[in-house]
Amino acid sequence: MRDVAIIGVKTTRFGEMWGRSFRDIIVEAGVGALEDSGVSGDDIGSMFVGNMSGGQFVEQEHIGALIADYSGLSEGFHVPSTRVEAACASGGLALRQGISAVASGQDDIVVAAGVEKMTDVSSGSASTALAAAADREWEGMMGATFPALYAMIARMHMHRYGTTSEQLAQVAVKNHHNGAMNPIAQYRTPITVETVLNSIMVADPLHIFDCSPITDGAAAVILAPADIAHEYTDTPIYIRGSGQASDTLALHDRRDITTLDATVFAARRAFDMAGMTVDDIDLVEVHDCFTIAEICAIEDIGFAAKGEGGKLTEEGETAIGGKIPVNTSGGLKSCGHPVGATGIKQVVEITHQLRGEAGKRQVDGAEVGMAHNVGGSGATAVVHILSRER
Amino acid sequence: MSVARSWRHQVQRYNLIGTSCNSCGKYFYPPRTMCPGCRRDGEIVSYKFKGTGEIVTYTVIHTAAEGFEHQTPYVLGIVKLDEGPSLTSQIIVDPTDIYMGMRVRPVFRKLGDSGEKGIICYGTKFVPE
Ligand SMILES: [Zn+2]
Numbered sequence: 001m002r003d004v005a006i007i008g009v010k011t012t013r014f015g016e017m018w019g020r021s022f023r024d025i026i027v028e029a030g031v032g033a034l035e036d037s038g039v040s041g042d043d044i045g046s047m048f049v050g051n052m053s054g055g056q057f058v059e060q061e062h063i064g065a066l067i068a069d070y071s072g073l074s075e076g077f078h079v080p081s082t083r084v085e086a087a088c089a090s091g092g093l094a095l096r097q098g099i100s101a102v103a104s105g106q107d108d109i110v111v112a113a114g115v116e117k118m119t120d121v122s123s124g125s126a127s128t129a130l131a132a133a134a135d136r137e138w139e140g141m142m143g144a145t146f147p148a149l150y151a152m153i154a155r156m157h158m159h160r161y162g163t164t165s166e167q168l169a170q171v172a173v174k175n176h177h178n179g180a181m182n183p184i185a186q187y188r189t190p191i192t193v194e195t196v197l198n199s200i201m202v203a204d205p206l207h208i209f210d211c212s213p214i215t216d217g218a219a220a221v222i223l224a225p226a227d228i229a230h231e232y233t234d235t236p237i238y239i240r241g242s243g244q245a246s247d248t249l250a251l252h253d254r255r256d257i258t259t260l261d262a263t264v265f266a267a268r269r270a271f272d273m274a275g276m277t278v279d280d281i282d283l284v285e286v287h288d289c290f291t292i293a294e295i296c297a298i299e300d301i302g303f304a305a306k307g308e309g310g311k312l313t314e315e316g317e318t319a320i321g322g323k324i325p326v327n328t329s330g331g332l333k334s335c336g337h338p339v340g341a342t343g344i345k346q347v348v349e350i351t352h353q354l355r356g357e358a359g360k361r362q363v364d365g366a367e368v369g370m371a372h373n374v375g376g377s378g379a380t381a382v383v384h385i386l387s388r389e390r
Numbered sequence: 001m002s003v004a005r006s007w008r009h010q011v012q013r014y015n016l017i018g019t020s021c022n023s024c025g026k027y028f029y030p031p032r033t034m035c036p037g038c039r040r041d042g043e044i045v046s047y048k049f050k051g052t053g054e055i056v057t058y059t060v061i062h063t064a065a066e067g068f069e070h071q072t073p074y075v076l077g078i079v080k081l082d083e084g085p086s087l088t089s090q091i092i093v094d095p096t097d098i099y100m101g102m103r104v105r106p107v108f109r110k111l112g113d114s115g116e117k118g119i120i121c122y123g124t125k126f127v128p129e
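Top line first, the protein sequences correspond to chains H and Y. For the first sequence, my numbering assigns the number 1 to the initial residue and increments by one for each residue that follows. For the second sequence, my numbering assigns the number 1 to the initial residue and increments by one for each residue that follows.
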């Protein structure tokens, strides 16, 4: 297998973009990433695009072909383009498919992208579309919502480990603080613990400020074999580890309600591939679709012992300048969560950090970063480890 | 939900009928046709659960799923049945009275409907034992 590098990245603005269409934003991300890499469209061997639910959000399937078409890549070489779906982990999984295509020698230059256009439907319809990431027959039909599933995880975490609503709120406060420094973020307003605790209850104990928003956005990265990456850029970022794992679709079937075993296994596989441990990671983007999800993620990857994630957050160790900066982009919470694009956006943020171009959010001396992307309530997890060193 | 899709699982939803595996003795609700432990060596048969169990975790939903808006606030919980498996269900209880470990028993209730002219889905909810 060949080593793989990222040679170009781009994320569109995240937010409610009523004036812009699904195809507008994905083309912007793709073209931006190509410009960043200096690659010409003629060099592209294949494309992989993460998208959870074009069918429900914009009544459009056949996303791969649409994107090739509107990127001007369905004439001439007729670039193969594949849509990848794993609910909110679609983006991370598209990257993993792209890496496989380059590593195996099938293609040299590969685009891995993600896109979701969620605000063309009402927020009720958007929630229904998102609920399809859980078990429609045995969770959704009972009246479960996504906040409700994570609320049940939070309730158990609080009961077993003494995690508090204040600690959950501190995740949101920290991520809004970071997002305020990110020009592409949906919410660029700092908040306080009181903002969170005084906001309306969605599913007890989760308030609306514990939840990530509904967002439009797209992101793309350009992959190349590590051996030729320097032909395109002075600062290639190398893929050192890639791991993926599955778990039961429904939360009620899990071995342990407070542990995402898919995260545990995906992280372990990525660490094994990289020959690294948690101590090697300088910063991480985790899948904070809800505040409790960030706490579970930092525990399940191994940055904190089980039950200690709330405490680590409270002590400021997950802030920029702390022991392990988490979600410098603002995370899903503040940067926004266009589900299919999120996994790619995380990798774009890590790339900016490792190149040293993250501006006010910059983590000093960042050499190795991690991205952690989850589908549903934890039925799919994808973890990538990126490094400045090959 | 379409008529066929609702009708298909009527018996299981109405009567808490799941499956069990004769090879390893595990019980499954919601029903599974493949035992995750034995896979092709398993022998799956139908099984009617006693229905009693306890609350593992729960939430009080204030922002409802589509079709459940008129029910807010409603309590959703994970119930661990006495035979072993867990399921997700609404719990009919005052939100201030529920607690983890509470014993519950099943009742037959309307789950939801698909609008004015759509079908009404029935199934099992739980109440304090
Ligand atoms: Zn068995």
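The set of hints was computed from the structure by calculation and includes no laboratory data. Please read all numbers here as calculations on a predicted model, not as lab measurements. In this text, a Cβ means the ideal position worked out from N, Cα and C, and glycines have one as well. The reader is advised that the hints may include incorrect statements.
[To be verified] Subject to a maximum C-alpha distance of 35 Å in a straight line, what follows is the list of computed DSBU-like cross-link-like pairs (lysine-lysine): (1) Y:Lys110 / Y:Lys26; (2) Y:Lys48 / Y:Lys117; (3) Y:Lys80 / H:Lys311; (4) H:Lys311 / H:Lys323; (5) H:Lys306 / Y:Lys26; (6) H:Lys306 / Y:Lys117; (7) H:Lys306 / H:Lys360; (8) H:Lys306 / H:Lys323; (9) H:Lys311 / H:Lys360.
[Said to hold, decoys possible] With the Cβ distance kept under 10 Å, some of the chain H side facing chain Y (calculated, not the full set): (10) Phe77; (11) Gly143; (12) Met152; (13) Ile200; (14) His252; (15) Thr277; (16) Val278; (17) Lys360.
[What the hints assert, rightly or not] Which chain H residues stay away from chain Y? Per the calculated CB distances, all over 12 Å, these: (18) Ala131; (19) Glu137; (20) Glu139; (21) Gly140; (22) Ala151; (23) Ala154; (24) Arg155; (25) Arg160; (26) Asp253; (27) Gly316.
We went through each hint and held it up to the structure:
Proposed proximity of lysine 110 (chain Y) and lysine 26 (chain Y) is supported: the alpha carbons are some 29 Å apart, at most 35 Å. Restraint check for lysine 48 (chain Y) and lysine 117 (chain Y): the C-alpha separation of about 32 Å stays at or below 35 Å, so the hint holds. At roughly 30 Å between alpha-carbon atoms, lysine 80 (chain Y) and lysine 311 (chain H) fall within 35 Å of each other, so this suggested pair holds. Between lysine 311 (chain H) and lysine 323 (chain H) the CA atoms are separated by roughly 13 Å; this keeps the pair inside 35 Å, and the hint holds.
For the hint linking lysine 306 (chain H) to lysine 26 (chain Y), the alpha-carbon distance of about 28 Å falls within 35 Å, and the restraint holds. Of the supplied pair hints, the one linking lysine 306 (chain H) and lysine 117 (chain Y) is violated, its CA atoms being roughly 49 Å apart against a limit of 35 Å. Under the criterion of a C-alpha separation no larger than 35 Å, the hint pairing lysine 306 (chain H) with lysine 360 (chain H) is consistent with the structure, at around 31 Å. With a C-alpha separation of about 17 Å, the suggested pairing of lysine 306 (chain H) with lysine 323 (chain H) holds against the 35 Å cut-off.
For a cut-off of 35 Å, the pair hint linking lysine 311 (chain H) to lysine 360 (chain H) stands: about 26 Å separates their Cα positions. This hint is violated: phenylalanine 77 (chain H) has a C-beta 43 Å from the nearest C-beta of chain Y, more than the 10 Å allowed. Among the interface hints, the one on glycine 143 (chain H) holds; its C-beta lies about 4 Å from the nearest C-beta in chain Y, closer than the 10 Å criterion. Given hint, methionine 152 (chain H) at the interface with chain Y, holds; its Cβ is 4 Å from that chain's nearest Cβ, closer than 10 Å.
For isoleucine 200 (chain H), the suggested interface contact is upheld, since its CB lies about 7 Å from the closest CB of chain Y, less than 10 Å. Taking 10 Å as the C-beta cut-off, the interface hint given for histidine 252 (chain H) holds, the closest approach to chain Y being about 4 Å. Because the closest C-beta pair between threonine 277 (chain H) and chain Y is about 31 Å apart, greater than 10 Å, the hint is violated. The closest approach between the C-beta of valine 278 (chain H) and any C-beta of chain Y is roughly 28 Å, which is over the 10 Å cut-off, so the hint fails.
Because the closest C-beta pair between lysine 360 (chain H) and chain Y is about 34 Å apart, greater than 10 Å, the hint is violated. The Cβ of alanine 131 (chain H) does not lie farther than 12 Å from every Cβ of chain Y; its closest approach is about 6 Å, which violates its non-interface assignment. In this structure glutamate 137 (chain H) is not separated from chain Y by more than 12 Å, as the shortest Cβ-Cβ distance comes to only about 7 Å. With 12 Å as the threshold on Cβ separation, the claim that glutamate 139 (chain H) sits away from chain Y is violated: the shortest Cβ distance comes to roughly 5 Å.
The beta carbon of glycine 140 (chain H) is not kept farther than 12 Å from every beta carbon of chain Y, the shortest such distance being approximately 7 Å. Annotated as non-interface, alanine 151 (chain H) brings its C-beta within 12 Å of a C-beta of chain Y; the closest such distance is 4 Å. Residue placement check: alanine 154 (chain H) does not keep its beta carbon more than 12 Å from all beta carbons of chain Y (closest about 8 Å). Some Cβ of chain Y comes within 12 Å of the Cβ of arginine 155 (chain H); the nearest lies about 5 Å off, and the non-interface call is violated.
Distance to chain Y contradicts arginine 160 (chain H) as a non-interface residue, since its nearest Cβ pair spans about 10 Å, not more than 12 Å. Consistency note on aspartate 253 (chain H): stated as away from chain Y, yet its beta-carbon is not over 12 Å from all of that chain's, at 7 Å minimum. At the 12 Å boundary, the C-beta of glycine 316 (chain H) stays outside the reach of chain Y, the nearest C-beta of that chain being 29 Å off.
Taken one by one, the earlier hints fail for this structure at numbers 6, 10, 15, 16, 17, 18, 19, 20, 21, 22, 23, 24, 25, 26, listed in ascending order.
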